[in-house]
Amino acid sequence: MTTSNNRIVVDGVHKEFKLRHTHSIKETFVAAVRRKPLTTKFHALDGISFEVGEGESIALLGYNGSGKSTMLKLISGVLLPDTGRVLTRGRVAGLIEVGAGFHPDLSGRENIFLNAAILGMSKKETEERYDDIVAFSEIEQFIDTEVKHYSSGMFLRLAFSVAIHTEVDILLIDEILSVGDEPFQQKCLARIRELHAKGKTLVVVSHDLDMVSDLCERGILLKDGKVRYDGASKDAVALMRN
Amino acid sequence: MSDQSSFVAPGRSVGLADVFRRRYLLSLIVRKEIGIRYRGSVLGWMWSYVKPLVQFVVFYLAIGVFLGMNGRVEYFPLYLLAGITVVTFFSEAFTNGTRSLVDNAALIKKIYLPREMFPVASVLVAAVNILPQILVVTVIAVFFGWAPSALHIAALVLGLIIVAMLATGLGLLFGAVNVTFRDAQSFVEIITMCAVWASPVMYQWEMVQQKVPDWLFVLYRMNPITAAVELFHFGIWFPLEPVDGQLIPDMWLFAGIGTVLSLAFLVIGQLVFRRLEGRFAQDL
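In order, the protein sequences belong to chains A and B. 1 is the number of the first residue of the first sequence in our numbering; add one for each residue after it. 1 is the number of the first residue of the second sequence in our numbering; add one for each residue after it.
Bound-form chain B, shown alone (with noise of 0.2 Å):
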């Protein structure tokens, strides 16, 4: 690893560019979660695509039908599923980073390795796992009649970069966080439980413009996973020319705004990280 020649201190990593000094280990750390997921399960991998349709079927009746949105939008469920994608994938993502110093304390207090390898890897297992989810959407799309633009694959791109950047920011200060204070598993289901409502996942923006004032809707949309879930409804549902389908206000201006706030928590993330790294070992 290290020059033969040169003098280091151990321990005294340089944080997230380390991880990726390290991709081989850190490929085999996602390869060794994705493996074991379904491993003595009959179904196996099916499970990916089974348990995004059951949840999918559930809001569609209680939502689309029951709640009337069916009516109200068109091609509902792909409108639904397009922001499922996205808020599952954040879940995922930040709740396993979270909980992953904690769940890999043998490690962490035997060898030394950088430690942000363990949310980092959480992150791209998720991003993995949303992948059967994402083929599903587009196959239901095409169906449909989905024919995208370059551009709007770029904004499917541009929103699981978001979510990436903010999920491993947040996984990062929340689990450093979490190796001291359990407290911040619960803290992040919660935070997790009410992102699904803080963007027009179930709903559409409009909604919410009538019924707040300006400054709030300005922060409404400053959320990057709203931003996220726009750039999805923009790539999937709105090629499909759905009548009445508006795309948020300054969609893109917004979508800069998210780009920024994920890496500024990115880098908080890892600001705090480095600071309370130190004690992981002995704390665990």
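Looking at chain A on its own, in the form it has when it is part of the complex (with noise of 0.2 Å):
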């Protein structure tokens, strides 16, 4: 299973989540005593099993609620699964909602560095690769403004520059074309391909089917937590859109 070629196993995970109505001491003790639930159960994956080659780009397909994010987000280490296990070779840096590390108060400058760390980017990489991500934000004017004088646009490019620049083998990409305006999309677009083409791996959310089928070879489509087709992202879209 855990063969030389692959990047990311996923076998037998299952993840509920606990959704907590109280949120302090006192309402957990009053609902207690009142005998309320104090959880309610929600299976957001139920039993799911895949396996990612290296170089392999796969698209995580599904409704709003089929648990697509959460799977990003266990290949990425943010959540657990409660069984089951998930492992991956090699480094991980996702493109989940970008822009999460970023500090209002700080730079474009600053926060460059300090989000390539937050990815896993050591100071000799960042240096390295500083001048092409300034280049592929098209904001070098506004480098060394505060990011809070930002537009939002401005904002996620730089954002978006940053994390596609890492030094990775498996990319997560969570809802990329919300990135920018159209020609900045299709030079995201561009420069993903490229990466895919040096053979690094991807996993890519999106609810732009056609982008995706396009982008990856490989579509799994989820529905209630598992697995419901495995195989060519066309028909995979093309089973989700009947």
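Some hints here could point you the wrong way.
[To be verified] Label-pair restraints from in silico Cβ distances:
| # | chain 1 | residue 1 | chain 2 | residue 2 | range |
| --- | --- | --- | --- | --- | --- |
| 1 | B | 209 | A | 104 | 51 to 57 Å |
| 2 | B | 42 | A | 149 | 50 to 56 Å |
| 3 | A | 149 | B | 50 | 25 to 31 Å |
[What the hints assert, rightly or not] Here are some of the chain A residues that sit facing chain B, going by a computed Cβ distance under 7 Å:
| # | residue |
| --- | --- |
| 4 | 21 |
| 5 | 25 |
| 6 | 76 |
| 7 | 77 |
| 8 | 78 |
| 9 | 80 |
| 10 | 84 |
| 11 | 117 |
| 12 | 234 |
Read the hints as simulated data drawn from the structure, not as lab findings. Every residue gets a Cβ at the ideal spot worked out from N, C-alpha and C, and that includes glycine.
Take the two lone chains and join them into the complex the hints point to.
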């Protein structure tokens, strides 16, 4: 199973969310006395297994609440599976809601270094890529301005540029096409294709079905926390549209 | 980060060791916190000197002059300032460490990093912020003729280490609980409020010894903050040879106990943190 050319192994993964209804000790106590349920269970993933080989690009498909984003968070390590296991080989970085590590009071330059470090890059690696990151974002003239003065488009451009230039083996992408204007989106897609051509492994979550079926060869359709279909992305999209 | 050729389970850290493996990120987070602290203020870092000085003047007037401690303790201002420095370091590190996970919720929910990073960074930021105050204390002490030996300096360093370990351990513990129950924050405020009075900062240990039974005085001295405060008194106030100045009985023994206890809190904090960590991303 953990053969040498696999990058990601997902093996019988279950993930259940307990939705808490109480947020303080008092509320918990009161609810317990009144015998109200403290939590409601929600089965987000119910026995998922798949493997992703080196250089593969897969799309995780499914409707809202089907468990796509949960699966991505399990691969990135933000969440841990209840049972089963997730294994990865090599460096993982996510374009999951880009800009989470940005601080509004820091300049663009400082934010590049901070965010790159959060994504696991060393100082040397960031310095080597610094010029590329700035050039890609096309906001050279504002790079020493505090990020709080940026427009939302500029902010996303910079955040995305940092994430896309990280040294990775596995790139996790959640809703990339919410980034910037049309030309910038095209540029991002081109960059992602370039990374894929270099043998990086991609896992993509998006509601833009045409884009993902074009970008990825393989699609995994999730429904109610289970794998409905695992095969060619075109077929997975067709199945989903029916 | 990880070995190219072997599989790892994402999101399973080895705890504090991982924080120091990623010390470049840690240093950036600490620098960021310190950098933005006074950004946009005219006086900037001057505030780091102004705050302890104002606090000192208030306590000096209230306790030194009005309550008459100046007459009872020679060099009382320095005695007071040395103790306040320790307690301020502890309070800031502990309070910010407890809140650090909730404050960084956006990050924790989206990207995996060793989460111990945040309480540890809070303690380091508090350590940097306390430096101006230590500088103020030593400058005043030198003015009064302070000439410390290596042992006195070692006592100051040990005091800071005790407080740093204790604050890290408690920050991990209460920070982890605070993710699910925000009550922890309020509880910590009460602890830090009591911490000033549970150690001989405003008064002298003799006053406690006279009023409490022996076993309670032993317990009093086992408080790691009391040990750290007394180490600071030993390092800063004692070398001035104050009249009737006495070291707390068995100071070095209780400094050792304080060190062991803070280390124990660090281990407990880490264990509880690891137990609760799996739920952070969904509870925040």
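Check your understanding: With 7 Å as the cut and Cβ atoms as the points, is residue 80 of chain A at the interface with chain B?
Key -> 5 Å, holds
Practice item. With a cut-off of 7 Å on the beta carbons, see whether residue 77 of chain A makes it to chain B. Key: Residue 77 of chain A check passes; min Cβ-Cβ to chain B is 3 Å, inside 7 Å.
Exercise for review: With chain B as the partner, please determine if residue 25 of chain A meets the hint condition of a C-beta pair closer than 7 Å.
Suggested key: The hint holds - residue 25 of chain A has a Cβ within 7 Å of chain B, the shortest such distance being about 5 Å.
**Study point:** Hint status (Cβ of residue 84 of chain A to nearest Cβ of chain B, threshold 7 Å)
**Key:** 11 Å, violated
Exercise for review: Closer than 7 Å between Cβ atoms is the bar; does residue 76 of chain A clear it against chain B? Give me holds or violated.
Suggested key: 5 Å, holds
Point to revise | residue 209 of chain B paired with residue 104 of chain A, Cβ distance criterion 51 to 57 Å | key: Given about 52 Å between the Cβ atoms, the range holds.
Practice item. With 25 to 31 Å as the target window, see if residue 149 of chain A and residue 50 of chain B comply at their CB atoms. Key: Given a distance of about 29 Å, which is inside 25 to 31 Å, the answer is holds.
Exercise for review: For the hint on residue 234 of chain A, just tell me whether its beta-carbon gets within less than 7 Å of chain B.
Suggested key: This interface hint is violated because 30 Å lies over the 7 Å limit.
Exercise for review: Indicate whether the distance between the beta carbons of residue 42 of chain B and residue 149 of chain A respects the range 50 to 56 Å.
Suggested key: With a Cβ separation near 20 Å, residue 42 of chain B and residue 149 of chain A fall outside 50 to 56 Å, so the hint is violated.
Check your understanding: For the hint on residue 78 of chain A, does the least C-beta distance to chain B fall short of 7 Å?
Key -> 5 Å, holds
Exercise for review: Closer than 7 Å between Cβ atoms is the bar; does residue 21 of chain A clear it against chain B? Give me holds or violated.
Suggested key: Since the shortest Cβ distance to chain B is 12 Å, the answer is violated.
Exercise for review: Would you settle whether the hint for residue 117 of chain A is holds or violated, based on the nearest Cβ-Cβ distance to chain B being less than 7 Å?
Suggested key: With a closest approach of 4 Å, the residue 117 of chain A hint holds.
Against the hints set out earlier in the document, violations occur for numbers 2, 4, 10 and 12.
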